[in-house]
Amino acid sequence: MCGIVGLLLKRPALRPALGELMLPMFIGMTERGPDSGGLAVYGDRAASGERRFSLYAGESAVDWDAVAADVRTRFGQSTIEINGNHAIVEVNAAPEAMAQWIAEAHPDIALLSAGRTMDLYKDIGAPGEIAERYGFGRLRGTHVVGHTRMATESAVTPAHAHPFTFGDDFCLVHNGSLSNPNNVRRELEHQGVSFVTDNDTEAACRYLGHRLNEGDDLETAVTRGFSVLDGFYTLLIGTRDTLAIVRDPFACKPAIVAETDDYVAISSEYRSLAALPGVESARLFEPRPRQLYQWRVQ
Amino acid sequence: MNFDLASQSVRELNAYLHGAAPDASVTVTSPNGAHNVAVGVNVPVNIDIQGHVGYYAAGMNQLAKIDIHGNAGPGLAEGMCSGEVHVRGFASVAAGAAAHGGLLVIDGDASLRCGISMKGIDIVVGGSVGDYSAFMAQAGHLVVCGDAGDALGDSLYEAVIYVKGSVASLGADAQEQAMTDDDHARLTALLQRAGFAHESHAFRRVGSARTLYHWNADAEQEY
Chain A
0 MCGIVGLLLK
10 RPALRPALGE
20 LMLPMFIGMT
30 ERGPDSGGLA
40 VYGDRAASGE
50 RRFSLYAGES
60 AVDWDAVAAD
70 VRTRFGQSTI
80 EINGNHAIVE
90 VNAAPEAMAQ
100 WIAEAHPDIA
110 LLSAGRTMDL
120 YKDIGAPGEI
130 AERYGFGRLR
140 GTHVVGHTRM
150 ATESAVTPAH
160 AHPFTFGDDF
170 CLVHNGSLSN
180 PNNVRRELEH
190 QGVSFVTDND
200 TEAACRYLGH
210 RLNEGDDLET
220 AVTRGFSVLD
230 GFYTLLIGTR
240 DTLAIVRDPF
250 ACKPAIVAET
260 DDYVAISSEY
270 RSLAALPGVE
280 SARLFEPRPR
290 QLYQWRVQ
Chain B
0 MNFDLASQSV
10 RELNAYLHGA
20 APDASVTVTS
30 PNGAHNVAVG
40 VNVPVNIDIQ
50 GHVGYYAAGM
60 NQLAKIDIHG
70 NAGPGLAEGM
80 CSGEVHVRGF
90 ASVAAGAAAH
100 GGLLVIDGDA
110 SLRCGISMKG
120 IDIVVGGSVG
130 DYSAFMAQAG
140 HLVVCGDAGD
150 ALGDSLYEAV
160 IYVKGSVASL
170 GADAQEQAMT
180 DDDHARLTAL
190 LQRAGFAHES
200 HAFRRVGSAR
210 TLYHWNADAE
220 QEY
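Chains as they are written, first to last, in numbering that gives the first Met the number 0: chain A, 0 to 297; chain B, 0 to 222.
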């Protein structure tokens, strides 16, 4: 079991309250995912030419000021926002160059994500604790993709928590389990895609991300995925300007959407949507199996 | 008697309903998608639920009349034996699964696997049903006023399906069959009880071809 939550704000005036609106949704899925949690939040942030990199130090005691100085030496002008064992660096650097540099210069730091508009947080613990740790309630932005995890197929570590990311500004969370992640991983590795964990969701994330890199649009990538990804899944996907959901052909894992003029809210269950303002008059529906639903930031 | 699930627990509600002598009429407010609302009731009470419910609402119901003014999550009225459950919105997957009796009415759509392995319940869906509905259904009736998804009635036993709209595909061993006078009478009565104004003549009957009833050693065994 796991919980998925997504929220896209249609009304720009609400964007400063993205975290506050999302928080009860995220915590509301604690019973479905008590062991880990995470989210990707999208906003209009990085100056042109720059990227934002989410870094995570876990249990390691990291001197972030020293890291910031190293980043400046290696990549030039940069800023850093430090939040406990998590930091966001904004700098003009290619994702591959940053990944390689971090692995060599600071192997105790994990690079969680790269992008122009996406920040990423994930950790182990109860969703409420994680939200408190990183101040999820204060997040601002256009849309958010969140996940609460109850691990069934691979270890409980921060790296195994969702969301998983690929390239710039692409993230994915998953409720369900895949039966062929090792095959998917092996075939992708032959095509030069590298993996961080043995998690099944990472295989789905890298498969779809790779297809997008190869020129597919999301609809085409997901349609191909129906014959490649075997198992149960409700996938919630974030890109720079899109929030999307798709369910496997058997609709084994739940999902419900509440849409109003102000927002699109998605969750595994209605109970985590119940605190949203105006939800009582929202259009509620369950996504049909094998159909991709997408909403764009306006 | 009123239970407000914003301040009271589902356990308190269900313990009351299972208690010695619950009121003849019980109202539940702020269900907000809670699981297991009004499960295992075994007395003839009217339960009015004002909002959406989560997993397994009205499961194993006997005798009670449960009215849900909202949508229902997975496994609605699973294992019901008697009584009546009415959902004013839509129902998620596996509504009425494995239920032995009673009447389940869903005003909106029902998702996949509606009536899976039903064993005597009558289900009337005002909207459409998803794929694999009435899979291995053994007894009872599934009435679909809208359309049916793929593999309707796959591996049917003796349950009977009436569909008004289109059928995406029939499952293995399910076949369209002629409507008899008995079918018209039964369907008319069910539609009337459920509060739908459709004519029985607008429906088609789907039943079992009974070719899977006996093991056929000469068959290719490719089902």
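Note that these hints are calculated values from the structure, not bench results.
Mixed in with the good hints, there may be bad ones.
Covered by chain B, according to a simulated footprint, are these stretches of chain A (three or more residues, beta-carbon under 8 Å) [to be verified]:
#, stretch
1, 265-272
2, 280-292
Here are the simulated DSS-like cross-link-like pairs (lysine-lysine), alpha carbons at most 30 Å apart as the crow flies [claimed, not checked]:
#, chain 1, residue 1, chain 2, residue 2
3, B, K163, B, K118
4, A, K252, B, K118
5, B, K64, B, K118
6, B, K163, A, K9
7, A, K252, A, K9
8, B, K64, B, K163
Even glycine gets a Cβ: it sits at the ideal position worked out from N, Cα and C.
Status of the hints after comparison with the structure:
no., hint, result
1, 265-272, "holds (count 5)"
2, 280-292, "holds (count 5)"
3, B:K163 / B:K118, "22 Å, holds"
4, A:K252 / B:K118, "25 Å, holds"
5, B:K64 / B:K118, "19 Å, holds"
6, B:K163 / A:K9, "38 Å, violated"
7, A:K252 / A:K9, "27 Å, holds"
8, B:K64 / B:K163, "26 Å, holds"
Hint violations for this structure: number 6 only, all remaining hints satisfied.
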